[in-house]
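> Use the sequences and the hints to build the structure in full.
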Amino acid sequence: MEKVININLKIWRQKGPKAKGNFETYKLNGISGDTSFLEMLDILNEKLINEGQEPIVFDHDCREGICGMCSLYINGHPHGPDEDITTCQLHMRKFKDGETITIEPWRSAGFPVIRDLMVDRQAFDKIIQAGGYVSVNTGGVPDANAIPIPKAKADEAMDAASCIGCGACVAACKNGSAMLFVSAKVSQLALLPQGRIEAARRAKAMVAKMDELGFGNCTNTMACEQECPKNISISNIARMNREFISAKMND
Amino acid sequence: MCWLFNSSIGKKVIMSVSGIVLVLFLLFHVSMNVTAVFSEDAYNAICALLGANWYAVVATIGLGAIIAVHFIYASMLTLQNRKARGNDRYAVSSRPKHVTWASQNMFVLGILVIGFLLLHFAQFWYKMMFSEIIGHHEVQLGGSMVSPQAGAEFIKYYFSQTWIVIAYLIWYVALWFHLSHGFWSAFQTIGWNNTIWFNRWKAVGQIMATAICLGFAFVTIYFYVKSFCNGSCCGI
Amino acid sequence: MSTILDAKIPQGPLAEKWTNYKNHQKLVNPANKRRLDVIVVGTGLAGASAAASLGEMGFNVLNFCIQDSPRRAHSIAAQGGINAAKNYQNDGDSVYRLFYDTIKGGDYRAREGNVYRLAEVANSIIDQCVAQGVPFAREYGGLLDNRSFGGAQVSRTFYAKGQTGQQLLLGAYSALSRQVNKGSVKLYTRYEMLDLVIIDGRARGIIARNLVTGKVERFAAHAVVIGTGGYGNAFFLSTNAMASNGSAAAQCYRRGAYFGNPCFAQIHPTCIPVHGEFQSKLTLMSESLRNDGRIWVPKKKEDAEAIRAGKLKPTQIKEEDRDYYLERRYPAFGNLVPRDVASRAAKERCDAGFGVGSTGLAVYLDFSEAINRLGLKAVEARYGNLFQMYEKIVDDNPYKTPMMIYPAIHYTMGGIWVDYELMTTISGLFAIGEANFSDHGANRLGASALMQGLADGYFVLPYTIQNYLADQIRVPRFSVDLPEFEAAEKEVNDKIARLMSIKGKRSVDSIHKELGLIMWDYVGMGRTKESLETALEKLKEVKKEFWTNVRIPGEANTLNVELEKALRVADFLEIGYLMALDGLNRNESCGGHFREEYQTPEGEAMRDDENYSYAACWKYTGEDKEPELVKEPLEYEFIVRQQRNYKA
Numbered sequence: 002m003e004k005v006i007n008i009n010l011k012i013w014r015q016k017g018p019k020a021k022g023n024f025e026t027y028k029l030n031g032i033s034g035d036t037s038f039l040e041m042l043d044i045l046n047e048k049l050i051n052e053g054q055e056p057i058v059f060d061h062d063c064r065e066g067i068c069g070m071c072s073l074y075i076n077g078h079p080h081g082p083d084e085d086i087t088t089c090q091l092h093m094r095k096f097k098d099g100e101t102i103t104i105e106p107w108r109s110a111g112f113p114v115i116r117d118l119m120v121d122r123q124a125f126d127k128i129i130q131a132g133g134y135v136s137v138n139t140g141g142v143p144d145a146n147a148i149p150i151p152k153a154k155a156d157e158a159m160d161a162a163s164c165i166g167c168g169a170c171v172a173a174c175k176n177g178s179a180m181l182f183v184s185a186k187v188s189q190l191a192l193l194p195q196g197r198i199e200a201a202r203r204a205k206a207m208v209a210k211m212d213e214l215g216f217g218n219c220t221n222t223m224a225c226e227q228e229c230p231k232n233i234s235i236s237n238i239a240r241m242n243r244e245f246i247s248a249k250m251n252d
Numbered sequence: 514m515c516w517l518f519n520s521s522i523g524k525k526v527i528m529s530v531s532g533i534v535l536v537l538f539l540l541f542h543v544s545m546n547v548t549a550v551f552s553e554d555a556y557n558a559i560c561a562l563l564g565a566n567w568y569a570v571v572a573t574i575g576l577g578a579i580i581a582v583h584f585i586y587a588s589m590l591t592l593q594n595r596k597a598r599g600n601d602r603y604a605v606s607s608r609p610k611h612v613t614w615a616s617q618n619m620f621v622l623g624i625l626v627i628g629f630l631l632l633h634f635a636q637f638w639y640k641m642m643f644s645e646i647i648g649h650h651e652v653q654l655g656g657s658m659v660s661p662q663a664g665a666e667f668i669k670y671y672f673s674q675t676w677i678v679i680a681y682l683i684w685y686v687a688l689w690f691h692l693s694h695g696f697w698s699a700f701q702t703i704g705w706n707n708t709i710w711f712n713r714w715k716a717v718g719q720i721m722a723t724a725i726c727l728g729f730a731f732v733t734i735y736f737y738v739k740s741f742c743n744g745s746c747c748g749i
Numbered sequence: 052m053s054t055i056l057d058a059k060i061p062q063g064p065l066a067e068k069w070t071n072y073k074n075h076q077k078l079v080n081p082a083n084k085r086r087l088d089v090i091v092v093g094t095g096l097a098g099a100s101a102a103a104s105l106g107e108m109g110f111n112v113l114n115f116c117i118q119d120s121p122r123r124a125h126s127i128a129a130q131g132g133i134n135a136a137k138n139y140q141n142d143g144d145s146v147y148r149l150f151y152d153t154i155k156g157g158d159y160r161a162r163e164g165n166v167y168r169l170a171e172v173a174n175s176i177i178d179q180c181v182a183q184g185v186p187f188a189r190e191y192g193g194l195l196d197n198r199s200f201g202g203a204q205v206s207r208t209f210y211a212k213g214q215t216g217q218q219l220l221l222g223a224y225s226a227l228s229r230q231v232n233k234g235s236v237k238l239y240t241r242y243e244m245l246d247l248v249i250i251d252g253r254a255r256g257i258i259a260r261n262l263v264t265g266k267v268e269r270f271a272a273h274a275v276v277i278g279t280g281g282y283g284n285a286f287f288l289s290t291n292a293m294a295s296n297g298s299a300a301a302q303c304y305r306r307g308a309y310f311g312n313p314c315f316a317q318i319h320p321t322c323i324p325v326h327g328e329f330q331s332k333l334t335l336m337s338e339s340l341r342n343d344g345r346i347w348v349p350k351k352k353e354d355a356e357a358i359r360a361g362k363l364k365p366t367q368i369k370e371e372d373r374d375y376y377l378e379r380r381y382p383a384f385g386n387l388v389p390r391d392v393a394s395r396a397a398k399e400r401c402d403a404g405f406g407v408g409s410t411g412l413a414v415y416l417d418f419s420e421a422i423n424r425l426g427l428k429a430v431e432a433r434y435g436n437l438f439q440m441y442e443k444i445v446d447d448n449p450y451k452t453p454m455m456i457y458p459a460i461h462y463t464m465g466g467i468w469v470d471y472e473l474m475t476t477i478s479g480l481f482a483i484g485e486a487n488f489s490d491h492g493a494n495r496l497g498a499s500a501l502m503q504g505l506a507d508g509y510f511v512l513p514y515t516i517q518n519y520l521a522d523q524i525r526v527p528r529f530s531v532d533l534p535e536f537e538a539a540e541k542e543v544n545d546k547i548a549r550l551m552s553i554k555g556k557r558s559v560d561s562i563h564k565e566l567g568l569i570m571w572d573y574v575g576m577g578r579t580k581e582s583l584e585t586a587l588e589k590l591k592e593v594k595k596e597f598w599t600n601v602r603i604p605g606e607a608n609t610l611n612v613e614l615e616k617a618l619r620v621a622d623f624l625e626i627g628y629l630m631a632l633d634g635l636n637r638n639e640s641c642g643g644h645f646r647e648e649y650q651t652p653e654g655e656a657m658r659d660d661e662n663y664s665y666a667a668c669w670k671y672t673g674e675d676k677e678p679e680l681v682k683e684p685l686e687y688e689f690i691v692r693q694q695r696n697y698k699a
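Residue numbers (our numbering), protein chains in the order written: chain A, 2 to 252; chain B, 514 to 749; chain C, 52 to 699.
Among the clues, some could well be false.
Said to hold, decoys possible - List time: in silico DSBU-like cross-link candidates among lysine-lysine, alpha-carbon distance up to 35 Å:
1) A:Lys4 / C:Lys233
2) A:Lys205 / A:Lys154
3) C:Lys564 / A:Lys97
4) A:Lys205 / C:Lys233
5) A:Lys19 / C:Lys556
6) C:Lys556 / A:Lys16
7) B:Lys610 / A:Lys97
To be verified - A few chain C residues that don't get close to chain A, going by computed Cβ distances all over 10 Å:
8) Ala58
9) Ser120
10) Ala136
11) Ala357
12) Ser419
13) Thr651
14) Asp675
It is worth saying that the hints were derived from the structure and are not from the lab. Small disclaimer: the values here were computed from a predicted structure and weren't measured. All residues carry an ideal CB built from backbone N, CA and C; glycine is no exception.
Pasting the structure below:
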């Protein structure tokens, strides 16, 4: 039979970036196991609205695990207790009847809270703007097959490129470090001949921006890799370190 | 070279390189200690060699400086990391699997290691190399006076006392945890890692940490047990 | 009198039109480009690529998106791939063949000139993306790999695992980020366009709400480009992202831009079936699955009933008792028929009582044959991430039991009418990507949306917009204090105030769901005159309900998610009405528009080229007034229209 559970929710509510936040508790009964976690929050919000209260604010968009918009730190894990998924792909069947679920926003100085569970992740855009691209203009590029790329390299670049920029790595890191995010982009482009040309410049610029924005230092705890919904490997961090160090050595 | 001091990766490179040097020193130190088990004379000879000779003094100053750098940078980075974490802490947090406890507590482990190091310095270095440098040819050890170069006497004296042995064993455990993460982490930080080498470095790190700490512990326990026998029992 | 819309298609042979156009169009010199501002709304494939390209050229671009980052636009969710006629596989592909497949796939309701141009620039898109570092799948020899997709007999689809849309969008996003860094593009994230500002008949700016502060702000420019995607969320349940909306298009429509072919909405055949009333969206399983998956339902009704009751498992049904209905009905294309055909066939089987799943609204997509033929590893390599996604959602292992799928609203071919230059009926207002109505006709082929979005953004708009802007170089920058801006802002504020003051009893979502249900039941996969008339009546009632009984908690002058949703639903109500109206007008079946009265005895769509070979454009005539129909006749000079045949 289909699983139906009753749950208690402990949810972080915070009016604005400067306001003091606190936990509020809510009860929800009769939640089907097939309900997604965000749909459960929809149900709660519907209830709150009908009671004349303000709904809980949280980021979400595609609800199929690719846009990277949803966040939520659930029971001590970014994107919740299930593995290799984003919050929107988490289903209530992963929780027990009567369980208390604690929902918090990403907590990191780099990601200030906007309201409730919604945080500001513009820092990630700024890091990409600092150098996360290949400097080519539209048009006038060579044929797509002009430069063969070994399949293994292309696949490795693809694995790095599958980062969705959700920020779970920063949220999971006890140091608030953004190394996994930054290294995924540095790696992707460093692995491909197209990106190789400005690899040194890119590594330096992106690391400098990351430092400037106040993200912490990596101590290789690997929490980021473990909590990453897309399984981005910390070998990317090693590659970025390599790229950065050799770029600086060659200066 | 200023990138070493003002970029996050640079600062971590300093941590890594200093850490690797310290690991090398520990390897040397443990081999030296193990020598004492087989031959006290040989051990004393090494102590004499490392006495107040200029190269040993220079190496010691260098070593001290590296420990200081390792510690200072650890403190700086930790402070910065706490700031980066923000003011609000998670109400519920849990350690994901495959994340080792040591990796999240390196600074605490480091403090422990340094704390015991001070004790170790007071007991051994201060009375050995330091005494020699300031010109003493005899130092007080318990009730008797010994040569600061008679390393084996020191070992036998201190490792016959239960609380010291326990303290040292705790120290080795802390050191083991510190090294078990620190070693592969150092290679990761200097970029000498990838998916294949990841497991290799981890294995090498574990083996090395275990060898170093077991080595130290073996010597400590050996002399502790030996102290009960007064050199007459068990054929040792 | 009725206006005849001029699409401004260049003269000359099909293959030379675009070249001719580019050779003769007006250009803007570099010094003048700096003096011209362009607003681009949206940062999806079309918006981001356009903003980046315009920025590279030297225009001063203001780029808006509703999410926290441009990288989140819903283009990111496209899984399967992007088409281009590179003929790398040496299977006889050509620009003409891509053009022909696209126009045929669209059931001959698109312009020849536009579609040919699309096929022509598609090759450059692949080159461009590779140069940006998009990690397309490759063969062991290091060259690009291709797969096949519905509606084509060649392998022309480039892909990056099951995340092609993501990789292409991140490519465009990186190009955009580079321009932001250079200062040529200014980004406005978490901003939502709420109105278009027109000065002397030309689009000169927008009114947008800062979603974080709630402040309504004014932005001026020499031209406005809308790249805000489709309006599939009018159905509430669709494969679109939660925030995908048709509001920018609706605002342009109300300001005088014609809305083209609103009834052409695509139902994607391979989505995970609906499970419950609180479902918030439907998840697509890539069309690429149809390369190796075989679609079937039980041959016997009693088997289907037993499955629905949970007494029988699909794996227990013997091979001879399975009805591979697509292979049976369309031997030539089999499981790879176009989306509309596959969707309708699924609905036909389910309506006839052969559907599976607890609701009976599902069919099987079976990989057992592929696993036997290729091995588990190969199947995993091709579709691993999709299988994992399916398992996470449904809690069922697709390697062992067949997937269940059912059609869902996915894409809207209709949109703001644009001419060959992608300009709407308002001077200086352009629409690109899914937001415009153009190139897919009545049905879009798989892997063509990414192609069109990027074609518009990288290679078409950056040229055609210059033909317009060349006349604007003497126009100084606008002040946002002009009375037109003031009036538009006031209208927006009044609308918000009106919504906030209703203080009714129903949440925005509950009304949106009601709207969606009406759309699905009466304006969905199979439409009739009666159903559409019923829809029009019901939509009027929902609209009234919305404007008298919606409840929006909180304040307007701060972050207010419910207000955002309410503003979007207000526009969906209008678009839904247009869809029903357009569907009622189009007395034929073509592509995504299937009128049950118009079908062949075998149940295939019956087009009426004599009477409906036109783009139906709707002109706004005022609040609560019936829109006026304006036609753009579609001339077929180069190809002969046939009934689409995927049987032989």
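> Kindly indicate which numbered hints from before are broken by the structure, ordering the numbers from low to high.
1 and 9
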